[in-house]
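Visitor: Full structure from sequences and hints, please.
For the record, in the sequence shown the residue sitting at position 391 is 391 according to my numbering, with numbers rising by one throughout.
To be clear, the hints were calculated from the coordinates, so they are not data collected in a lab. This structure is a prediction, so every number in the text was calculated from the model and none was measured. We put the CB at the ideal spot given by N, CA and C, even for glycine. There may be inaccurate statements among the hints.
[As the list claims (entries may be wrong)] Quick list of in silico lysine-lysine cross-link-like pairs, BS3-like style, CA-CA up to 27 angstroms:
(1) Lys205 <-> Lys174
(2) Lys290 <-> Lys232
(3) Lys174 <-> Lys393
(4) Lys205 <-> Lys175
(5) Lys348 <-> Lys333
(6) Lys338 <-> Lys204
(7) Lys382 <-> Lys393
(8) Lys290 <-> Lys174
(9) Lys368 <-> Lys290
(10) Lys182 <-> Lys158
(11) Lys290 <-> Lys369
(12) Lys182 <-> Lys368
(13) Lys205 <-> Lys348
(14) Lys174 <-> Lys158
(15) Lys158 <-> Lys205
(16) Lys371 <-> Lys382
(17) Lys290 <-> Lys348
(18) Lys290 <-> Lys371
(19) Lys402 <-> Lys382
(20) Lys204 <-> Lys395
(21) Lys395 <-> Lys182
[Claimed, not checked] Ranges between beta-carbon positions, derived for each pair:
(22) Ser209 <-> Lys382: 21 to 27 angstroms
(23) Ile155 <-> Val301: 28 to 34 angstroms
(24) Gln197 <-> Glu236: 52 to 58 angstroms
(25) Ile331 <-> Met225: 23 to 29 angstroms
(26) Lys204 <-> Val295: 45 to 51 angstroms
(27) Gln197 <-> Lys402: 55 to 61 angstroms
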Amino acid sequence: MFSLAPRSISARSRTLSSHLFRNNTCLLGVSSPSQDRCDESSSVGVKAGRLIPCRRQMSTNSGTDGNGSILPSFGSKPITPDPTVTTDAVSVATSSTSDSAALIAEQIAAFEPTWWPSDQALVLLNWINETAGLPCYAYSIMGTTLAFRFLLFPIFAKGQRNSSRMAHCQPEMKKLMEQLDKQKGKVDQAAQLRYTQQIQALFKKYDCSFFGSFLAPLASAPLFMSFFFGLKNAPEIFPELLSTGGMLWFPDLTAPDPYVIMPVLSATTFLLMTEVGKDQMMASDPARGKTMVNVFRALAVAMVPMTMNFNSAVFVYWTTNNSFSLLQSLILKQSFVKKAFGIWDPPKPVPGQEPKNIIEEVKNLMNKKEKEVNALAAERIKAHNEIVEQQKKVKKALMEKKK
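Guide: What follows is the structure in structure tokens.
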């Protein structure tokens, strides 16, 4: 994975100073109270790295304030700016930025990452934030997320291709499994070998594999978990860096979204992904597809109250990742894209395999279990009766011999 080369705190402070000035442009006028400073001896001050006029008591009449300064009135002549005032304000801004940059550099230097994936995810994000020249840390999270999703796109397309072909292979495979179930304990080694060869022939016929559909989740899950746990713990490790790394309505990445916009947006994109991909899910497994779609719908609604208190850094990642997934699903449904990647249309439902709700699924499962229990009891009774009949025959034969 990535690792930051050793650098002195002073060198990193100079680099981070420029990042702080860029970060302030992301806030669009929103700043942290710790960054606001007003020089008592001047008419300007510092707010988020920018020069601002100090708030002084104004009057419509000429007079003096508490310090004896003459206050302007309507009709008075313009006052020539004092160059020393601007110089003092700039020095205050530079000092404030340097102090913050030094604190950020100290926090980064104190971070001792392990080879655990979540730590390496933070190392990568910090390296990109320091070297890419992006306006703020939120852009670093979004840019890194999009880069990984673009790299994983061919794997997702290949998984979609395999899933579409497995849906067409499913009816024939189910018939083979039913034949095997009917034989039960009478299956010998030769029959098992023949069944395996038939399954392999089906996979070859449809050009698919059982594990091909799991390739995309297995590739993306480690990245998702690494970035989630890394960003969830980042405010405790780099509080100064993330406190000014936001943008728009969420300037502080260490705090939850104040308007709950990103939690709702993240849940909405997840719900839309479910609706876009429900045809493929129901085609792959008609008996349980509708149940899975309803479960995902309920999960999307429950996500908002369950995750709304997570820090904004996590939601910057989630929202970007879910938005890309939604766009990817829409792209893979286009006919020319499906033709290019060899993705087949969902098969038509097989009679007797129409989607069922979860209640019907439970009833069918219970009926099947009851039939199996009854069949086992019938076999035991039959075996018992056969033993009794044999005992009667033996007893009758012994009686005849005695005569």
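Visitor: Tell me if the straight-line CA distance from Lys368 to Lys290 falls inside 27 angstroms.
Guide: holds, 21 angstroms
Visitor: Regarding the pair Lys348 and Lys333, is the alpha-carbon distance no greater than 27 angstroms?
Guide: holds, 17 angstroms
Visitor: Does the structure keep Lys290 and Lys348 at a Cα separation of 27 angstroms or less?
Guide: holds, 15 angstroms
Visitor: Is it true that Gln197 and Lys402 lie within 55 to 61 angstroms of each other by Cβ?
Guide: holds, 59 angstroms
Visitor: For a C-alpha distance cap of 27 angstroms, please report whether Lys174 and Lys393 respect it.
Guide: violated, 46 angstroms
Visitor: Taking 27 angstroms as the top limit, are the C-alpha atoms of Lys205 and Lys174 close enough?
Guide: Cα-Cα ~15 angstroms, so holds.
Visitor: Quick check: does the Cβ-Cβ distance between Ile155 and Val301 fall within 28 to 34 angstroms?
Guide: For Val301 against Ile155, whose Cβ atoms are near 30 angstroms apart, the range 28 to 34 angstroms holds.
Visitor: Between Lys395 and Lys182, is the straight-line Cα distance small enough, at 27 angstroms or below?
Guide: The hint is violated at about 37 angstroms.
Visitor: Is the hinted pair Lys182 and Lys368 satisfied, with a Cα-Cα distance of at most 27 angstroms?
Guide: The given pair, whose Cα atoms are some 14 angstroms apart, holds under the 27 angstroms limit.
Visitor: Just tell me: holds or violated, for the beta carbon distance of Ile331 and Met225 against 23 to 29 angstroms?
Guide: Holds - the Cβ-Cβ distance for Ile331 and Met225, about 25 angstroms, lies within 23 to 29 angstroms.
Visitor: Is the Cα-Cα distance between Lys205 and Lys348 27 angstroms or less?
Guide: holds, 19 angstroms
Visitor: Is Lys371 within 27 angstroms of Lys382, Cα to Cα?
Guide: holds, 16 angstroms
The structure does not agree with the numbered hints 2, 3, 10, 19, 20, 21, 22 and 26 stated previously, though it agrees with the rest.
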